[in-house]
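From just these sequences and the hints, can you work out the full model?
These protein sequence lines map, in sequence, to chains C and D.
Under this note's numbering, the first residue of the first sequence is numbered 1, with each subsequent residue one higher.
Under this note's numbering, the first residue of the second sequence is numbered 1001, with each subsequent residue one higher.
A couple of the hints might just be wrong.
Unchecked claim - Residues from chain C that face chain D, not an exhaustive set, calculated with beta carbons under 10 Å:
(1) L90
(2) A112
(3) M116
(4) A123
For the record, the hints were derived by calculation from the structure and aren't laboratory data.
Keep in mind it's a predicted model, so treat the numbers as computed, not measured.
We treat Cβ as the ideally placed atom computed from N, Cα and C, and that holds for glycine.
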Amino acid sequence: MSDCRSEHSTAGELIIQNITKNFAGLRALDSVSLTLKRGEILGLIGPNGSGKTTLINVITGLLPLDGGRVLIGDVEITNKPPYEIARAGLGRTFQTIRLFRELTVMENVEVAAVSMGCSRKEAKRRALIAIEEMGLEDWVGRLASELPYGLERKVEIARAFAMQPSFLLLDEPAAGLNEEESDQLLDMLAPIPERKGLGLLIVDHDMRLIMRLCHRLHVLSYGKTIGEGTPDEVRRIPQVIEAYLGKTAVRG
Amino acid sequence: MKNTNAGILWLKSHTTPFILSIPLLILAVLVQAYGDTLLVRIVTVLFINLVMVLSLQVFMGNSGILNFAHIGFMGIGAYTSVLFSMTPQAKAATLPDLYPFLRPIHLPFLPSLLIGAIAAALVAALVGYALMRLSDAAAVITLFALLVIIHTILVHWSIVTNGPRTLFGVDNYTSLGISTFFGILVIFIAYLFKETPVGLKLRASRDDRYAAASIGVNIVQVRWAGFVLSAFLAGFGGGLWAHFITSFSPYAFYLTETFSVLSMLVIGGTGSVSGAVLGTVVVTLLREGLRAVENSVNIAGVFPNNLVGFTEVVLSLLLILILVFRPSGLLGSQEIRLANTIPLASGKFSASELSRESSPKEGEHV
Ligand SMILES: Nc1ncnc2c1ncn2[C@@H]1O[C@H](COP(=O)(O)OP(=O)(O)OP(=O)(O)O)[C@@H](O)[C@H]1O
Ligand SMILES: [Mg+2]
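Structure, rendered in structure tokens:
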């Protein structure tokens, strides 16, 4: 019995058109366009301060944008309040972890389904599935504030899964993880988009993870797109090599 | 059959309101049977305080917004309910200028309480729509302004409140039994509210409003719902108090009472119904004890001058100590429950591992 089946299960692509965002004098995003299909994993990369987090923030309505449009299929979500964008099928995580610290792990995940309109019973069912997917079964009754760091990010991802979004934007899910943990995360994430018909956008500085996980990459530098394509195509683009010069990042 | 099992399972994971109510119920029964007039009064007040503190917890505890306006809603409930419950003769004596259409109305006690509660909820619903957009300091200051506004209206709307003067002639309907019944009812309401979808979303928005919005929580809407329920219960508590004390002025619903109710909640722990109950019991009993000490010291003439404000000073000190050493209150945000009944999906770790002692104190995590 599902009293809150995702109504956006037929949504088309997430389309971002010519997005511009200024902070006072700083142009953080300069006419950035990209498209995210369901079932695909898109890597959004770029040096520190290139505008990756800002892009996620404007797409999800946390920051107002100064130009451009955001659409899911043919539904315009530009400048809608964040909760409406979430209900339109867009989930996200945060670079600086944001959990509900005084709620249990179960409640953290459950509330995402509840806010999509599920009864608590159905929300619990959904939450348990997401919790198992992230391997958090042993922690369900704990407060989020009691979790070790590595698990906090997993709870954030499980919470987003429980929304059953059409598109999910992950902001540095591997930050602070060691190589082993990051490999684990990779194994967990890789099969999910195809299985759920989920469009996944991943921001990360861990190039090993990005190169192995992503079908396509989108590269930002100083708020501008400097390259797009498959991982192999992108690592041959001169501007990308230049932006990452001195880093071992493009090695793959 | 299946339903009864589900019901039992549900009860097992929600023991909190029962654990909180049973000792209070026993206390009320014992005092009713053996207590003298003073003790009956103290315990009646205890349960009225419980309604006020728990109703504050419903909004403040779950939304995280410090609500200074709360006692204003108590005032609205008190004045509205007595306008409906007083006899026409009593109204003529204390409110000679009352609007003619209100003069002949004379309703029983409970409908009057309900009307008072609805009036408070309506006011909250109207102002809340704008107020609930604000957060942090802006919200606190605006709610304080709301308290001042409600107070000013009560003081100046002489036709229905007798102005700054005392309104008298209210019937004494709030017995120990009545206040016990509603005090315990509100324990259940406050506990169940936390577990409703709205309550859960409100608690999420308290912990992180950006994360809550990003999973689809309409924060203004859930805050509004909590605010209106909180005001409804406060209005109800105001009615209970009015029909206990039987004569009062608008100054009863101002800073002193605000401080008193806030300190009960903060000392016990804002985040949980258990904390609210414990804080109410501790502070109410402590206050009566201190007052007795203060009186006997004065009667014995230990000091050349009378001891004044001793009770208030000690309670304020207690509040400060709690804020310094246990900022989340005596009980913090975890409910008291039977140790082996925490709702779990897997039993891979022991219940003692989950008990609240193992959780870090507020401010400990970086
Ligand atoms: N709220 C804000 N106010 C002012 N400037 C901001 C704000 N948020 C971001 N910026 C600026 O916008 C630019 C882009 O920042 P953003 O956080 O999007 O970069 P990023 O690509 O996510 O970097 P990182 O890899 O370090 O996370 C930076 O120069 C940053 O200082
Ligand atoms: Mg970033």
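Status of the hints after comparison with the structure:
About 9 Å separates the beta-carbon of L90 of chain C from the nearest beta-carbon of chain D, less than 10 Å, and the hint is met. Hint on A112 of chain C holds. Least Cβ distance to chain D is approximately 4 Å, under the 10 Å limit. Interface hint at M116 of chain C: satisfied, since its Cβ lies 6 Å from the closest Cβ of chain D, which is below the 10 Å cut-off. Hint status for A123 of chain C: holds, given a least beta-carbon distance of 8 Å to chain D, under 10 Å.
Every hint from the earlier list agrees with this structure, and none is contradicted.
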